[in-house]
Amino acid sequence: MTSLEAAQKLKAKFGDLVSEPAEFRGEISVKVGDAQQIVEVCTFAKEDLDFCYLVDITSIDNYGDDPRWTIVYHLRGLRNGCEVRLKTDVSEEKSKLPSVINVWATANWHEREIYDMMGIHFHGHPDLRRILMWEGYPYFPLRKDFPLAGKPSDLPGVAFTRLTPMEGGPFVTVAGGNSATSREPRIRIPETDSIETMGRLERRKDIQEAHGHPKGPGPIETK
Amino acid sequence: MRTESEIGYNSKIEGDVVVTTVDAALSWFRKNSVWPMPMGLACCAIELMAVGASRFDISRFGSEVMRFSPRQADCMIVAGTVTYKMALSVKRIWDQMPEPKWCIAMGACASTGGMYRSYAVLQGVDNIIPVDIYVSGCPPRPEAVLDALMKLQNKIGKQPVLERMTVTNLNNKEAA
Chain A
20 MTSLEAAQKL
30 KAKFGDLVSE
40 PAEFRGEISV
50 KVGDAQQIVE
60 VCTFAKEDLD
70 FCYLVDITSI
80 DNYGDDPRWT
90 IVYHLRGLRN
100 GCEVRLKTDV
110 SEEKSKLPSV
120 INVWATANWH
130 EREIYDMMGI
140 HFHGHPDLRR
150 ILMWEGYPYF
160 PLRKDFPLAG
170 KPSDLPGVAF
180 TRLTPMEGGP
190 FVTVAGGNSA
200 TSREPRIRIP
210 ETDSIETMGR
220 LERRKDIQEA
230 HGHPKGPGPI
240 ETK
Chain B
20 MRTESEIGYN
30 SKIEGDVVVT
40 TVDAALSWFR
50 KNSVWPMPMG
60 LACCAIELMA
70 VGASRFDISR
80 FGSEVMRFSP
90 RQADCMIVAG
100 TVTYKMALSV
110 KRIWDQMPEP
120 KWCIAMGACA
130 STGGMYRSYA
140 VLQGVDNIIP
150 VDIYVSGCPP
160 RPEAVLDALM
170 KLQNKIGKQP
180 VLERMTVTNL
190 NNKEAA
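Those sequence lines, one after another, are chains A and B. Every number in this note's numbering is 19 more than the matching position in the first sequence, counting from 1. Every number in this note's numbering is 19 more than the matching position in the second sequence, counting from 1.
It is worth saying that the hints were derived from the structure and are not from the lab. A portion of the hints provided could be inaccurate.
To be verified - In silico SDA-like cross-links for lysine to any residue, where the CA-CA straight-line distance does not exceed 25 Å:
| id | chain 1 | residue 1 | chain 2 | residue 2 |
| --- | --- | --- | --- | --- |
| 1 | B | Lys104 | A | Trp153 |
| 2 | B | Lys110 | B | Gly156 |
| 3 | A | Lys170 | B | Lys120 |
| 4 | A | Lys163 | A | Asn121 |
| 5 | B | Lys110 | A | Val177 |
| 6 | A | Lys163 | A | Arg131 |
| 7 | B | Lys120 | A | Gly176 |
| 8 | A | Lys163 | B | Asp42 |
| 9 | B | Lys104 | A | Tyr158 |
| 10 | B | Lys170 | B | Gly34 |
| 11 | A | Lys115 | A | Pro166 |
| 12 | A | Lys170 | B | Tyr135 |
| 13 | B | Lys110 | A | Arg149 |
| 14 | B | Lys104 | A | Asp135 |
| 15 | B | Lys104 | A | Lys50 |
| 16 | B | Lys104 | A | Arg162 |
| 17 | A | Lys170 | B | Lys170 |
| 18 | B | Lys104 | A | Gly83 |
| 19 | B | Lys110 | A | Pro171 |
| 20 | A | Lys170 | B | Ala106 |
| 21 | A | Lys113 | A | Gly83 |
| 22 | B | Lys110 | A | Arg162 |
| 23 | A | Lys170 | B | Asp145 |
To be verified - What the simulated footprint calls covered on chain B by chain A, stretch by stretch (three residues with Cβ under 8 Å from a Cβ of chain A suffice, anywhere in the stretch; the number is not a length):
| id | segment |
| --- | --- |
| 24 | 102 to 109 |
| 25 | 124 to 137 |
Ideal Cβ placement from N, Cα and C applies to all residues, glycine included.
Extracted from the complex, chain A is given alone in its bound form:
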């Protein structure tokens, strides 16, 4: 059984609940229309399609879109080598879906991490508490409206957080520049950076140097 066949069997069993399998670079994804029925889908996948291994559960914050949350389950059948991705959407008002812990016990910590980082509740989870941050931390850090520098908070006796000095912003490397100096992490706005821009700038500097124009500060490149 290949991954595509397994996904098609899933579609055949659940009909409208499950979308047609989509394929991208050899990976099969399937969308589950109603997050509240994810347990039935996962139970069928585990018992009948032999997806015995839950690789990961992760969540996506579609900030600005409704529904805001997308929960992604990566399943793998170790005996037959099938891999399938299940995606479900959850709206922000609800922010709740059933836990698949009774299907795969490993879902315990994955769902705790999603609760900790995004604030999505899993009902049926025996011990839904924060796993990376501490009990009483007031924010959900991986939401898109949470700043990279963090927010100050104080829980006396347990932990405190402070703002991180960003010094102008995250220092981003631009891949694919034709020299290490152009790739160096600097204060960049990644949307305006492009490999062509970097290349043109480099070539312009080289031409200027060849014509004897004064070089700007920085390491000298010799060809």
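Since the structure of chain A is provided, determine the placement of chain B on it from the hints.
For chain B alone, kept in the frame of chain A given last:
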């Protein structure tokens, strides 16, 4: 070094003798027996283990044992990323160490937060404890840690021992 002088001893009988002040002698004892407390939190701890192993032997410098109990240690080597979750524990362990105590912040994460400019990482352990020596590197070479230990030993050698070490005293000594 044989001496035959009026000092009051005959070195042929009593052997080589060094004359010094009590303070200097105590400083010398203190700096050559700095027992580290490894606060090994992340990858720098591996390099700290390498410093303690046979090739870059830290016990050559007097740090004979890595005491994991803070009550028995002199110097806390913070080796690794200090997260906000761990910060109060590090502070508690520091408070349990008896005076005199020193701190080496090993690596970029312990010194300034390193590459982790984020909501979860304390930007430098010097926000919670007083650091004497900062070692840069990610991770620092074991030789760099030994260099830090040597610098710390120089620093300890200059600190007063017999007089109670208060901030006022240190300030006066530096001003004098």
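Each hint, compared with the structure:
Our distance criterion of 25 Å between C-alpha atoms is met by lysine 104 of chain B and tryptophan 153 of chain A, whose separation comes to about 7 Å. Taking the CA atoms of lysine 110 of chain B and glycine 156 of chain B, the gap is about 23 Å. The hint holds against a cut of 25 Å. The straight-line distance between the Cα atoms of lysine 170 of chain A and lysine 120 of chain B is roughly 33 Å, outside the 25 Å bound, and the hint therefore fails. Taken as a hint, the lysine 163 of chain A and asparagine 121 of chain A pair is broken in the structure, with Cα atoms around 30 Å apart against an allowance of 25 Å.
Under the criterion of a C-alpha separation no larger than 25 Å, the hint pairing lysine 110 of chain B with valine 177 of chain A is consistent with the structure, at around 12 Å. Restraint check: the Cα-Cα separation between lysine 163 of chain A and arginine 131 of chain A comes to about 19 Å, which is no more than 25 Å; the hinted pair holds. Distance hint between lysine 120 of chain B and glycine 176 of chain A is fulfilled; the C-alpha atoms sit about 24 Å from each other, no more than 25 Å. At roughly 59 Å between alpha-carbon atoms, lysine 163 of chain A and aspartate 42 of chain B are farther apart than 25 Å, so this suggested pair is violated.
Straight-line distance between C-alpha atoms of lysine 104 of chain B and tyrosine 158 of chain A comes to about 14 Å, which keeps the hinted pair within the 25 Å bound. Between lysine 170 of chain B and glycine 34 of chain B, the direct Cα distance comes to roughly 32 Å. Violation of the 25 Å bound is thereby established for this hinted pair. For the proposed pair lysine 115 of chain A and proline 166 of chain A, the alpha carbon gap of about 24 Å is at most 25 Å, so the pair holds. Straight-line distance between C-alpha atoms of lysine 170 of chain A and tyrosine 135 of chain B comes to about 15 Å, which keeps the hinted pair within the 25 Å bound.
The hinted pair formed by lysine 110 of chain B and arginine 149 of chain A meets the criterion: a straight-line CA distance of about 23 Å does not exceed 25 Å. About 14 Å separates the Cα atoms of lysine 104 of chain B and aspartate 135 of chain A, which keeps this hinted pair within 25 Å; it holds. Among the hinted pairs, lysine 104 of chain B with lysine 50 of chain A is inconsistent with the structure: their alpha-carbon atoms are about 37 Å apart, more than 25 Å. With a CA separation close to 19 Å, the supplied pair lysine 104 of chain B and arginine 162 of chain A stays within the 25 Å bound.
Proposed proximity of lysine 170 of chain A and lysine 170 of chain B is contradicted: the alpha carbons are some 37 Å apart, above 25 Å. Of the pairs offered as hints, the one joining lysine 104 of chain B and glycine 83 of chain A is violated, with about 31 Å between alpha carbons and a cut-off of 25 Å exceeded. Between lysine 110 of chain B and proline 171 of chain A, the direct Cα distance comes to roughly 19 Å. Compliance with the 25 Å bound is thereby established for this hinted pair. Proposed proximity of lysine 170 of chain A and alanine 106 of chain B is supported: the alpha carbons are some 16 Å apart, at most 25 Å.
With a CA separation close to 16 Å, the supplied pair lysine 113 of chain A and glycine 83 of chain A stays within the 25 Å bound. For the hint linking lysine 110 of chain B to arginine 162 of chain A, the alpha-carbon distance of about 30 Å lies beyond 25 Å, and the restraint is violated. A C-alpha spacing of about 20 Å is found between lysine 170 of chain A and aspartate 145 of chain B, which places the hinted pair at or below 25 Å, so the restraint holds. Counting residues of the segment 102 to 109 of chain B whose CB lies closer than 8 Å to any CB of chain A gives 4, so the stated coverage by that chain holds, three being the minimum.
As drawn, the segment 124 to 137 of chain B meets chain A at 3 residues by the rule of a beta-carbon pair under 8 Å; at three or more, the given contact holds.
Figure legend: structure checked against the earlier numbered hints; hints not met, in rising order: 3, 4, 8, 10, 15, 17, 18 and 22.
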